[in-house]
Amino acid sequence: MRIRKERLLAITLISPSVLAIAIFVYGFILWTARASVSAWKGLLPDYTFVGFSNFIDLFRSPRFQIDLRNTGIFTVLFLAACLSIGLLLAVLLDQRPRGEGLFRNIYLFPMAISFIVTGVVWRWLLNPATSIERLSGLNLLFHQVGLDFLISKWYTHPTLGIVAIVIPATWQMSGFTMALYLAGLRSIPDELREAARVDGASEWQIYHHIILPMLKPVTLSAVIILGHISLKIFDLVIAITQEGGKGYSADVPALNMWYTAFRALRFGQGAAIAIIILLTVAVLVVPYLIYTFRTEAEQ
Amino acid sequence: MKRGIARFILYLLLIAAAAFYLMPVYVLLATGFKSFQEVNLATMWKLPSGIYLDNFIAAFEKLAPNMRNSLSLTVAATILSSILGSLNGYVLSKWKFRGADFLFTALLFGMFIPYQSILIPLVRFMQTIHLYGKLWGLVLTHVIYGIPITTLIFRNYYAGVPTEMVEAARIDGAGLLGVYWHVMLPLAIPSFVVVMIWQFTSIWNEFLFAVTLTGPQYWPVTVALQNLAGSQIVEWNVQMAGAFLAALPTLLVYIFLGRFFLRGLMAGALKG
Chain U
0 MRIRKERLLA ITLISPSVLA IAIFVYGFIL WTARASVSAW KGLLPDYTFV GFSNFIDLFR
60 SPRFQIDLRN TGIFTVLFLA ACLSIGLLLA VLLDQRPRGE GLFRNIYLFP MAISFIVTGV
120 VWRWLLNPAT SIERLSGLNL LFHQVGLDFL ISKWYTHPTL GIVAIVIPAT WQMSGFTMAL
180 YLAGLRSIPD ELREAARVDG ASEWQIYHHI ILPMLKPVTL SAVIILGHIS LKIFDLVIAI
240 TQEGGKGYSA DVPALNMWYT AFRALRFGQG AAIAIIILLT VAVLVVPYLI YTFRTEAEQ
Chain X
0 MKRGIARFIL YLLLIAAAAF YLMPVYVLLA TGFKSFQEVN LATMWKLPSG IYLDNFIAAF
60 EKLAPNMRNS LSLTVAATIL SSILGSLNGY VLSKWKFRGA DFLFTALLFG MFIPYQSILI
120 PLVRFMQTIH LYGKLWGLVL THVIYGIPIT TLIFRNYYAG VPTEMVEAAR IDGAGLLGVY
180 WHVMLPLAIP SFVVVMIWQF TSIWNEFLFA VTLTGPQYWP VTVALQNLAG SQIVEWNVQM
240 AGAFLAALPT LLVYIFLGRF FLRGLMAGAL KG
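Protein sequences, first through last, are from chains U and X.
Count the first sequence with numbering that gives the first Met the number 0 and you get residues 0 to 298, in order.
Count the second sequence with numbering that gives the first Met the number 0 and you get residues 0 to 271, in order.
Isolated chain U (complex conformation) (with noise of 0.2 Å):
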C-alpha cells in the first residue's frame, strides 16, 4: 500500500519535467517540420501545405550552397585542428612539466567565456582591412614583425572566409579537448608504460602502439561534441561576421536559419532550414548514442 501510494508520488515528481520535455523538445520538433511543409511568411502563422518546397527553394539557392560548403570546410576543419592540437597538449602535459597545472588552466580558460566575447574580441584581430595605412589587428601585427606575406582578408575572403572563423573557434575549444585526452592519459595505468619500457620499448613506441589506441573512446567522444558545436554554430559567427561576412562568405545553416526566420520573417523556409540542421546532427548522434547505450545495456 505504501509502496503503491509513493511509486505514484514518485511519477508525480518527475511527470512536470517529462511533461515539459514531452511539449518543449518533441512537441517543438513536430511543430517546426510541420512549419517547414508550409507557406508561413510573416508575423502570423499559415500553415497551407506546400509540400516539399521550402525545401527545394532552400537546395536551389545559392546562399544555402554556400551555407553547406561552408559547414563541411568549417566542420573537418575545426575537428581536426581541435583534435591534433588537443593531444599534443595532452601528450605535452602528460610529461609533468612543472608549472602543468598552470598551463592547463591557460589551455582550458576561453571554454568558460561566451562564444559572443570570443567573436568581439577575434572580430577586431580578424580585421580584414589589407591596405597598409588601415592595418590592425593581425595583419597589423604580421606587418609589424615582417611577415607581410600571412596578410589576410580573413572572414571576408570571397572563398576561404570560413576558414578564418575555425581560427577563433579553434582557440575556444582546443583545451576542452586537451581535457578529454588528459583525462584519458591519466586513467591509463602506470604499470601498462613500465612494463612496455622494461620490454625495451622506447617512449614513441609506447606512445604508437599501447597509448593512442586506448585513447580511442577519447577521440570518439570528442568528434561527436566538437561536430555538434560545428553544425549549429551561430553565436561566434554572429559575433564575428554580423550578417556572414561578405558575399555570405563565413555564412553558415545555423545564420541563415535566424535571419531567414526572424529578420525576414519568412518562417516555412526557416523552419526548412532547422529541420535540416537537426537531420545533419542526428546523423552524427543517433549512431553514437546507440553504441553507447548498447555497451552499456552489454555490461
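Derived from the structure by calculation, the hints contain no laboratory data.
Heads up, the beta-carbon is just placed ideally off N, CA and C, and yes, glycines get one too.
Fair warning: there could be bad hints in the mix.
[Stated by the list, open to error] In silico DSSO-like cross-links for lysine-lysine, where the CA-CA straight-line distance does not exceed 30 Å:
hint, chain 1, residue 1, chain 2, residue 2
1, X, Lys-61, X, Lys-133
2, X, Lys-45, U, Lys-4
3, X, Lys-93, U, Lys-4
4, X, Lys-45, U, Lys-152
5, X, Lys-133, U, Lys-40
[To be verified] Simulated DEER-style distance windows between Cβ atoms:
hint, chain 1, residue 1, chain 2, residue 2, range
6, U, Ser-130, X, Lys-133, 45 to 53 Å
7, U, Gln-204, X, Glu-166, 45 to 53 Å
8, X, Ile-232, U, Arg-68, 31 to 39 Å
Fit chain X to the known structure of chain U by using the hints.
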C-alpha cells in the same frame, strides 16, 4: 643531454601554446586600459602608457543594466533547474518504476537537439503566454532545456549512493520525500555545486535563446555586447572593455571554482 633538449622543446611548445591562448587577452587588456586619446587601431599591440579606466567606465555605463538582467536570469534559472534536476535524478535512480530507463533516455535526447529546431514554436508559445520579450520567458526556457543535463548529473551521482542507505532510512519510517530530504540532499551538496556552476556558466554565456526571446529592455549582457559590437557608433576600445566585463563573472567562477567547473564539463561532455 638528449633529455635536456627534449625538455627544452617541451617547454618551448607549452609556452608557444600559452602565448596563443593568451594573445587575445593581451589585446583585450592592452586596449581596455588605454586612455581615449591613446586608442588607435595602429597601436593595437602596444602597451598602454598607464592604467586608464575610461574604456571600462564607458562600457560599464552601457552594459550595467544588462549585467543586472543576466544576473537575475542566471540566478533564477540556475536555482530552479538544479532543484528540478535533483528531484528527477533521485526518482530516476532510486525509485525506478517500469519504463524509468526509457524515460531517462527520452529526457536525455533533449540535450542533443540543435535549438534551432525548436526556436520558431518556442517564440509562438512565448507570445501566446505573453512572456515573449520578457526576462521570465527566458528563465522558463533555460529551466526547461536545462532539465536533461541537470537530471543526468544528479542521476549519475545518486546512482553511486548505496541502496542500503535508502533502505535503512525506509526501515526507520522515512518515505520518498523523507529519504530525499534526510539522506540524499545532504549527500548531494557537491553535485549541487557542480550543476549550479555548469548552469551558471552556460546560461550567462548563452546567446541564441536570449537574442530571439528578449526585447532590448531585458537583454542579457551577451545580446547587449553583440549589439554594441554591431553598431558603428561605439568605439572598438569600448567594445573590448565591454567584452571583458561580460566575461568577468564566469572567468571568476573558473578561477576560483575551477575543479568543480571541470567536473561539470566532463559530465556535460556529451552535451557540447
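What hint numbers does the structure not satisfy?
2
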